[in-house]
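J.: Chains as they are written, first to last, in my numbering: chain V, 1 to 439; chain R, 1001 to 1160.
In case anyone wonders, no lab produced these hints; they're calculated from the structure. Glycine is no exception: its CB is placed at the ideal position from the N, C-alpha and C atoms. Everything hinted at is true.
Simulated restraints, written as ranges between beta carbons of each label pair: (1) R/Arg1097 to V/Glu31: 41 to 49 Å; (2) V/Gly409 to R/Arg1104: 31 to 39 Å; (3) R/Arg1046 to V/Leu260: 42 to 50 Å.
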Amino acid sequence: MSDHKPLIERLDALVDRDNQPDWEDVVRRAEAPGKTARAARRSRRSYLARRLVPALVLAAAALAIGLIAPWGHGRSFTESAVAERALVAIGSGPVLHVVLRRETDSSYIDLASGRERPAADMEEIWYDSERHFEHLKSSSELIPDSESHEILQTPTGTWASYNIDPGPHAPDIDPALRGFFDGYRSALENGTAHITGSGTIDGHNVTWIEFAVKPGCIHPYQACTERVAIDEASSLPLEIEWLREGKVASTIDIASIETLPAGSGDFSKPKRLPSRSYQSEHGPVTSITPSEAVEVLPGALWVGKSISTFQLSSVSRATLTTRTFLVTTQPFSMHESSMSTEIGIELHYGNDSPAVLWWDPATDEFPSGSNVVLQEAAKPDMSFWHDKTPPVGIMLTDNGGDGWLVKNGIYVYIHASNQKLLLKAARALEPIPSSAGTG
Amino acid sequence: MGTSAKELELLYRNRFGAFRNGLAPLCGSFERAHDAVQEAFARALREQDRFRGEGSLEGWVWRIAFRVAVDEHRDGHEVVWEEALDRAALPRPERDRELAAALRRLAPRRKLIVFLRHFADLSYAEIAELCEISEGTVAATLARAYEELAKVLAREGVER
Chain V
1 MSDHKPLIER LDALVDRDNQ PDWEDVVRRA EAPGKTARAA RRSRRSYLAR
51 RLVPALVLAA AALAIGLIAP WGHGRSFTES AVAERALVAI GSGPVLHVVL
101 RRETDSSYID LASGRERPAA DMEEIWYDSE RHFEHLKSSS ELIPDSESHE
151 ILQTPTGTWA SYNIDPGPHA PDIDPALRGF FDGYRSALEN GTAHITGSGT
201 IDGHNVTWIE FAVKPGCIHP YQACTERVAI DEASSLPLEI EWLREGKVAS
251 TIDIASIETL PAGSGDFSKP KRLPSRSYQS EHGPVTSITP SEAVEVLPGA
301 LWVGKSISTF QLSSVSRATL TTRTFLVTTQ PFSMHESSMS TEIGIELHYG
351 NDSPAVLWWD PATDEFPSGS NVVLQEAAKP DMSFWHDKTP PVGIMLTDNG
401 GDGWLVKNGI YVYIHASNQK LLLKAARALE PIPSSAGTG
Chain R
1001 MGTSAKELEL LYRNRFGAFR NGLAPLCGSF ERAHDAVQEA FARALREQDR
1051 FRGEGSLEGW VWRIAFRVAV DEHRDGHEVV WEEALDRAAL PRPERDRELA
1101 AALRRLAPRR KLIVFLRHFA DLSYAEIAEL CEISEGTVAA TLARAYEELA
1151 KVLAREGVER
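Take the sequences, apply the hints, and build the full model.
T.: Below, the structure written as structure tokens:
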């Protein structure tokens, strides 16, 4: 039984069953490649890419190595010193303990300065290379109140704080990290890690080193090389880049890293936790005036009678209701744990249609043109609010045209046609004056 | 190492539907996905000697199939993998508009793993091999995606 069984059933129902395999067609295509115009274009591009790109890369690399590489005729003193310090910093234990930071698509914008900071998912990993244990805890900056997700994998079984498919799953650490763990120290020790440059990451001066994860690796899809940014102050790695076919395939930011002695590390079994499910709905949407908006929601905000080229076209109110359910598995149960009711208002700038943004699954219509829409309430109701409440003066954004912020105790969701307009609207928010009018 | 045409044909006949469904979000329609599967297996057939047996045969063909699907969108422009995933969406959104809208909003990595699990019908181990991540990361990413989808659906699944 799954925590998200109804959702999973809906996903699985979307699979198309109308399948008609035709192996003879595959064989024909294999025997006559590039017979379509599209395929021909791809083929030409591939040919040029195969011929030109490696040649250019080789030429550039040869030039760069010839000009700047100090290790061209053996390992330099600088390289040896960096390697020695990095080896001491990382330690020699068989248990890796690392905290990784993976940026999400959301970010925080400081309204005063316009400065932006990406929100991140965090992963804390303990990996015992001798016992083949892996314990992974993940949490999200965007969902601070939810419990972290945990999974422990061992050769004899798997335990998780959430529902997973029946195990056991063989413990298998992220290959980029495994490559790092397996290859980093040996590359430093045997002198096959080379300095490839320097730079700055989050204000830290770093030295980039590069090493082969699998010497002699020729598989076209495997990551054969990793680049590691080493903090010049601590000699600890700050970032790992995983290179495939000469390009960066993935990047891992390292918040902290250490190795521990054999037998240590947190390999405790995670507790199974109930998950939460939410159900939100709103009552009938009623048109009101700006003055009435202040009456139903004291302190209500607007951006004036217009913003950019958009005039205030409608103001409306609705009653918002959210029910929270606790879901447990084995046996499956679902209990309502709380219910909240709020008055929400909406201000719509622009003449696109439909005039209100409250989503109606029956029509699936969103405002179709350029606009700015504000939705507000005195509490963070699930029907319009994000999981995370940003501090005052900060807007959480999805890097599109949606933003969430709190001002004067009012929770505001802003939908705008683009991010520039979104920031402009967020900065222009002010209390609706009593002189705003009644019509 | 290499593989044989017989093994590829067996894989094709057994897993055609999974490949077609799995590629459809990237290709934009089941019809284009059908074409991409045909092309992917044709390439695999031509390049069968390049299969080195370092992973599963299906994983190798999936990687080829992804490249074919992403290539289909290029039209002379550079399209990177993340962009292709960012645009990936349910090919027939009318079947479940709410869910289609919620899926569109998922981060590319979460979206890919949901598609691979539910559309391509791949196991955690197969997804881990294909995406070159651990099974634990697959499980955690899926759980996070379900949580996000459930919340978006709760937020938007409202009645007038």
